[in-house]
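Residue numbers (the numbering used here), protein chains in the order written: chain A, 1 to 369; chain B, 1 to 549.
The set of hints was computed from the structure by calculation and includes no laboratory data. Treat the hints loosely; a few may be bogus.
[Claimed, not checked] To give an idea of the chain B side of the interface with chain A (calculated C-beta under 8 Å), a few residues:
id: 1; residue: SER208
id: 2; residue: GLY211
id: 3; residue: GLY223
id: 4; residue: HIS250
id: 5; residue: SER276
id: 6; residue: CYS277
id: 7; residue: ILE294
id: 8; residue: GLU295
id: 9; residue: LEU300
id: 10; residue: GLU302
id: 11; residue: ASN303
id: 12; residue: ARG351
id: 13; residue: TRP359
id: 14; residue: TYR393
Every residue gets a Cβ at the ideal spot worked out from N, C-alpha and C, and that includes glycine.
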Amino acid sequence: MIEAGRFREAQDVVDQGLEQAPGHPELLYWKAVIALNTNRSEQALEVLTRLVEQGRALPPHRLLLGQIYEARQDWQNAAESYRPLATLGSSRQASLFLARVEIRRRNYDAAIATLKPWSSSQNPPEVEHLLGLAYFGKGDLPTAAPHLEAAVRQSPRQAGYRYDLGLALLQGGRFEAAAEQFERATELDPQWPEAFLYLGRALHDANRGEEALQAFQNAGNLNPQLPLLHHHLGLLQKGRGNFDEAIVEFQEEIDSGTNYAPAFHHLAELISRRGQAERGRQLAERAVELDPGNAEFRMLCARLALESGQPEEAQAHLMVALEEEPDLGPAHYLLGRVLQARGQSEEAAREFAEARRLGDLKSRRTPNP
Amino acid sequence: MKPAPGLAVLLIGSLLWMGAASKDGASPPRFEEVSQAAGLQFQHVSGSPDKPYILESMSGGVAVFDFDRDGWMDIYLVNGNSIEDLLAGHRKVSNALFRNRGDGTFENVTEKAGVTGGRWDMGAVAGDVDADGWADLFVTGFAQSTLYRNRGDGTFEDVTERAGLSDPLWSTGAAFADYDQDGRLDLAVTHYVQFDPANPPERTPLCSYRGIQLQCGPRGLPGTQDYLYRNLGEGKFQNVTEAAGLVTGHLYYGLGVIWTDYDNDGDPDLFIANDSCPNFLFRNDGARFTEVAIESGVGLNENGQEQAGMGVDFGDVDRDGRLDAVQTNFSDDKNTLYSNQGEYFSDASYRWRLGEISWQYLGWGTFFFDADRDGWLDLFVANGHVYPQVDDYQIGTRYLQRDFLFHNQQGRSFREIGKEAGLEAVLNSRGAAYGDFDNDGRPDLVVTHIDGPALLYRNVTATEQPWVGLDLRLASGATAVGARVTARVANRQFVQEVRAGSSYLSCNDPRVIVAPAGSEPEITLRWPDGTTQTLESLTAGRYHTIKQK
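Use the sequences and the hints to build the structure in full.
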């Protein structure tokens, strides 16, 4: 009946059974399943939690409970639901679910450890996928990519696997390969806006700007409110020198209520070039407010403040920038200009010299013997 | 090309300034491409089409000068070579000297003149190094520089070794000026990178652009020291680089070079546009130079980032009496206008609307000139990418590019009008210079193209704005390089300098055209030795040779 979607009738059967055998674990399991399928997750949670508290929960109860917590993004409780089963080493499914949750919780080493008993030279695709995600999360791209590639090899029609592999390849600077994975993901799931978004990003980075634009447009058609869509479009247009279009995109991103600091920074940079100094400064300050430790944002604020005749304010920004990144040559240069404007020529000269030294170092230029 | 009608209208007695003709909204600049008709047939050769080596991407310049003293500006075009021929010690192509016949056409006199060039040449600059009244020619190149002495009979002799100018390095830019004010032209020569075509550099991650594998350099290659040669007289030069303070401890990749008195203290300072490095500005402190680019605000852009400096010029774009600077740069970057604020410069590229438009273009030759004779300096920029491979990608830039003409909007900003002004060619430009080849007071253009022709653009701008041309000469008869011309109208002043060498490895017509709109200007000269002179009673509409007394 449940499989047929006849939940009301199934509910009646389960209720009758529970009248005859109150607390029967299997019946309670089905009661929770029915509750979940009829949008009464609270009731399902209550039933399953009680079973756990009473020490009568069976593995299916814990798995279902964990999934309910996952749906609620309650990763802590989800993990606690799966962990007893995974720890026993008796439930492969529980281990996979726990690893998935640990990845969500950014406990990548814990995820890898959870999967270890199930790992072999011939891992099933879901294990390869999770291992790949865990190593990707750790920033170990050389290890992540082969796992994700193995998952894709075994399940080539899994759009999600291709999407995750695409992300890892993108992160690793393999833009063409990433674009290929995202492209296949969009073919497998043409209604997936995020896949189109990252396809656009990969194409952009692979120097295929016109195709990237098309991918972004496809993403926008599927979900005009897609987070970061306007941001990526803005970056694309800015990179191609289409500054009018870039301004529109960053403005739309900001109008959508984003708190993503780079959007404010980029728009500030673009419009201040066009003589909108005051508005540019406001936007630049907002970027700093959202991400106070970002040296690049601080530098823009400093330059705009200096250009507006406020060297003290500029200096304050630069001091923070240099605290964050002491080897940032351009910040030393700007500080030199600020000190110059304040009449401190000796201090300024020191900053200019440091800017030059760091520039030479960064560009690996050979010194004059 | 033929002289413009009306050239013969001489207004005798005074410099008759027709204020009524200097109206706002006068015709914008307009050019016609006349290379074929003028007989300027030249094909530049620079390695193979895919440019695997950096040497293949950097030539060549153009020099505009009157080598035969007939009053008509001639053209010297620099040529490259192929790697195979270079390694084999051959060169199938040559540089070319085109003599202006004065009737709108040119004749190729290269062989007769004996100025075919070196192994693989880069740029050229004209200057009368022996002060005999005949302009000599200095040619930069790969592993070889050449000084051609003008014999005055239509021929030149190679006096490089005798002059002490033999140079095994890769020289690029060159510019003359009398930095020590002893009456003799000294020479600054920039050097690019250390490169051996027989042992090309090993590939590193730096040999790429946006992830595209390309030729290596300049980043990752060792730079080389730029040189300053002092003219000792009697045909000899001495390398005074170190003694003069030009050894900074930084080996950068020098390209464009210009002498200019940016601080208006009466002596020429030296600016060097460095590729992918901070620029150099050597302030002339009398006996020595002090490098002050970064603290002066012309070393880096407004964000403190180094740019890929290619070409350079200085000019008074806002007529405040101070010389501003322009530098052309790489794509994904802007060309930079440094506004001279007196004490230091500020990056005013965006305010002048030079920044955004140049983003997808890669700039080379550049110069300020008053294209429409409205009294405001316009700006030319030659464009073309380094890497042919960019055409295989969708990155918004192309290998072949059109050139820019920025029309000065009365000292407030520039408006780019290249296409509508007739600069429609889409090629790969490098060197560029202006020259008034028909002596009509409207500067014409000559632009070189890598692996392509040189194009001559005749200035056909409709203008009735009066003008006077000044051909300033020292008592010796040599062009008065370093002389400063100040034209004052009401409370504005307009400053120009006589120069030998600027742009990208090129050299403009050394004469000065004065045409500030409004009313009759007061023109004063400051000669290279610092003496001054006021000019009076000049006839408008023609060039005047003014000799220092």
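Against the structure, the hints come out as follows:
1. SER208: Interface hint status for SER208(B): violated (11 Å vs cutoff 8 Å).
2. GLY211: Holds. Min distance 7 Å.
3. GLY223: holds, 6 Å
4. HIS250: This hint holds: HIS250(B) lies near chain A, its Cβ roughly 6 Å from the closest one there, short of 8 Å.
5. SER276: At about 7 Å, which falls below the 8 Å cut-off, the nearest Cβ of chain A leaves the hint on SER276(B) intact, so it holds.
6. CYS277: CYS277(B) check passes; min Cβ-Cβ to chain A is 7 Å, inside 8 Å.
7. ILE294: holds, 5 Å
8. GLU295: holds, 5 Å
9. LEU300: holds, 6 Å
10. GLU302: With Cβ-Cβ at 7 Å, under 8 Å, it holds.
11. ASN303: Hint holds; ASN303(B) Cβ to chain A Cβ min 6 Å, cut 8 Å.
12. ARG351: holds, 7 Å
13. TRP359: At about 4 Å, which falls below the 8 Å cut-off, the nearest Cβ of chain A leaves the hint on TRP359(B) intact, so it holds.
14. TYR393: holds, 4 Å
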